[in-house]
Amino acid sequence: MSLLELRNLTRRFDDFVAVDDISLTIVKGEFFTLLGPSGCGKTTLLRMIAGFDTPDSGQILLDGNDITQLAPEKRPIHTVFQSYALFPHMTVAQNIAFPLQMARVAPAEITGRVSRAIEEVRLSAFAQRYPHELSGGQKQRVALARGLINRPRLLLLDEPLGALDAKLREDLQRELINLQKEVGITFIFVTHSQDEALALSQRVAVMNKGRVEQLDEPSIIYSRPASRFVADFIGKINLLDAQVTQLTEASMKLQVASLGMITLPAIKGVAMGDRGVIAIRPEQISVRNTTEPLETIYSFAGKVLDFLYVGDVTTYVIELTNGARMEALLANATPGVARFFEVGDTVTVTWPEAAVQFMKD
Amino acid sequence: MQRRNMMKWLISLPPMLFLLVFFAAPSLIMIVTSFRYPGEFSGLAPLSASDIVSGAPSDLYGLTLETYQFFFSDTLYAEIFLKSFAVATASTLICLLLAYPLALLIARSDKRHRNLMILLVILPFASNFLIRIYAWMIILGPESALNHAVNSLLALMGLPPVMLLFSPFAVLVGMVYVHLPFMILPLYTNLEKHDPVLLDAAQDLGANRWQRFWRVTWPQSLPGVFSGTALVFIPVLGMFAVPDILGGTSDILIGNLIKDQFLGTRDWPFGSTLSIMLMLAVIVTAGLAAWLARPRAAASSTST
Ligand SMILES: Nc1ncnc2c1ncn2[C@@H]1O[C@H](COP(=O)(O)OP(=O)(O)OP(=O)(O)O)[C@@H](O)[C@H]1O
Ligand SMILES: [Mg+2]
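If you read the protein sequences in the order shown, they are chains A and B. Take full-length UniProt numbering: the final residue in the first sequence is number 361, and no numbers are missing along the way. Take full-length UniProt numbering: the final residue in the second sequence is number 304, and no numbers are missing along the way.
Quick caveat, the hints were computed from the structure, so don't treat them as lab data. Because the structure is a prediction, the values reported are computed rather than measured. Fair warning: there could be bad hints in the mix.
Between beta-carbon pairs, the in silico distance windows are [what the hints assert, rightly or not]:
1. B:LEU156 - A:ASP66: 49 to 57 Å
2. B:MET137 - A:ASP14: 52 to 60 Å
3. A:GLU170 - B:SER12: 45 to 53 Å
4. A:VAL105 - B:ALA149: 48 to 56 Å
5. B:PRO26 - A:VAL105: 54 to 62 Å
6. A:VAL17 - B:ALA135: 51 to 59 Å
7. A:GLN59 - B:TRP214: 32 to 40 Å
8. B:TRP214 - A:LEU61: 28 to 36 Å
9. A:ARG116 - B:TRP214: 22 to 30 Å
10. A:ILE177 - B:TRP210: 35 to 43 Å
11. A:GLN59 - B:PHE213: 30 to 38 Å
12. B:ILE283 - A:SER135: 40 to 48 Å
Where a beta carbon is used, it is the ideal one built from N, C-alpha and C, also for glycine.
All chains, full assembly: derive it from the sequences and hints.
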């Protein structure tokens, strides 16, 4: 079932390693996302898959065949570029027909397939327009239709929604998921937006400095980040430096900076004295308007320092009595109430044991 | 709004005045001149009888269609027109063939080197045009290494020797040499603006080298091709110095003919007539070209 296999791909620019020994397998029909900060090597990796760049070492296999040295025009892989790269001197219909003409499809067949593709992306009224007469979202859909029309084995999308406004992005994300399901073509999607990656993908590879830090389903990436980098990069999270001070088979005790001792179930690969961080998602923290300590192990007194109201939720910054600062996210589910606490309020902060995760450095 | 319109007028007034004074007015004078009689020694004959100085009754005056009758009565003039158009077409095509790869090369080379290369293209303008043409006289002359090389090669193949200078070939070489930068510059200006990602996109979608050129680069460069063509074709039509210096006696073109009427035969009215006919021919050609190159939305290579 594996469609594309990357084996130990490395690409250097002079001394700089842009892609560092990446190996991964992409399954036929999946929506796969490469997620990472700017400059982590996403585009470089994509260019090697498309054939515009050759790795210094490693192999690229498509359906089991080595395509590492194959010219881009000979690969059944198409790309949707961030700038769309629509041909300015061709109409929408001509742009979409281009890949079929290159593949020497009979003109009569091209006409039919192009008009069907144009209908699919709801651009029938724009078939004879030129790219400069289209909006960003429309250009995006032309680029998609053009990339898909000759049914490539793999469609690469390099930040295709980057230039669009938030509302349009959301609409197009939904369209993209539906389109991908409909056509059944494997997508490799590149983005530096974690929301987008989590919303769209079946699997996400989080990249950092040319390496894959974690490859998993979105829910696992979010709830069980494998490293401090992933935890920090994906969503908001409270990170507190910690060190293992006691270790038994079942549990470990951690000395957490400005928080004190906490106990967690033991995890594999952790040794006495290991340093790392504990991570707690802001939405898993509850804040109560009381000064009485509760019975759970994880309950701390603190004071509201600041809050940020963004409509659906409000984020509170709370300073615990031992000095740690934590962010807590509360949904504004009560009509007419914009916030539950004021700056300076004394509160109790608690979280369930399962919300805490230790990651060693 | 009112103010802005006023500004527009004020800004465009000087160039409009310039065109009026130095183009429209002379053209009108030329048109009137073409309907008059030549003067006895040069210039023009008077418009009315009362202005005749010498008083001889045979003296001509007033307006006439004679020069036009003369133009159409001899096929020689049509032949020279045709020959001039042929030379202009050939020069333009050769310029395009030479300039396109060079312009492409410059446009696709490192940004840091582009300006230097363009400077080299226009550097010949720094030396006098006539001197450069005379230089070609030496390069193509009977004692030149080039002439010797060509003739020994011909001798090897058992062919009689040729004279490079004073031939249509020399005229063509001179024309192409002089006008090449006027083709390179507009092409470069156009090609330099092409987005390289479009070539990547075309390649990604299955286009090989040729297809990328003909389907992506060439169609986008057409405006540059058109302006380069206009900048070469029209000046070549009017050029007289190159055929004068490098051509033989039978290689005269319209430019020489017109120049002769003013500086040689001193027949200003006929010179004006020839100029007007040339202008008309250019306008008709340009109109035809524009009509041939008109955007055809429905008839283009693909449609749904
Ligand atoms: N042709 C090149 N020459 C030298 N360095 C390069 C080249 N292409 C990329 N790099 C470097 O490689 C690194 C990775 O670049 P890449 O374009 O793959 O990043 P990216 O993850 O796509 O970033 P972004 O999200 O900003 O697009 C960058 O630091 C970049 O400077
Ligand atoms: Mg990139």
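These are the hints, each one checked on the structure:
Evaluation of the 49 to 57 Å hint for LEU156 (chain B) and ASP66 (chain A) yields a pass: the beta carbon distance comes to about 53 Å. Under the hint 52 to 60 Å, the C-beta atoms of MET137 (chain B) and ASP14 (chain A), about 53 Å apart, fit the expected range. Hint check: GLU170 (chain A) to SER12 (chain B), Cβ distance near 48 Å, so the stated range 45 to 53 Å holds. Remark: the range hint 48 to 56 Å for VAL105 (chain A) to ALA149 (chain B) is upheld by a beta-carbon distance near 52 Å.
One distance hint, 54 to 62 Å for the beta-carbon pair PRO26 (chain B) and VAL105 (chain A), holds here, with the actual separation near 59 Å. Restraint check, VAL17 (chain A) to ALA135 (chain B): a C-beta distance of roughly 56 Å satisfies the suggested window 51 to 59 Å. Hint check: GLN59 (chain A) to TRP214 (chain B), Cβ distance near 34 Å, so the stated range 32 to 40 Å holds. For the hinted restraint 28 to 36 Å between TRP214 (chain B) and LEU61 (chain A), the CB-CB distance of approximately 33 Å keeps it satisfied.
The hint said 22 to 30 Å for the Cβ distance between ARG116 (chain A) and TRP214 (chain B), and at roughly 27 Å that hint holds. Between ILE177 (chain A) and TRP210 (chain B) the Cβ separation comes to about 38 Å, which falls inside the hinted range of 35 to 43 Å. Between GLN59 (chain A) and PHE213 (chain B) the C-beta distance comes to about 32 Å, which sits within the given range of 30 to 38 Å. A C-beta distance of roughly 41 Å is found between ILE283 (chain B) and SER135 (chain A), which places it inside the suggested range of 40 to 48 Å.
Hint check: no violations occur; every hint is consistent with the structure.
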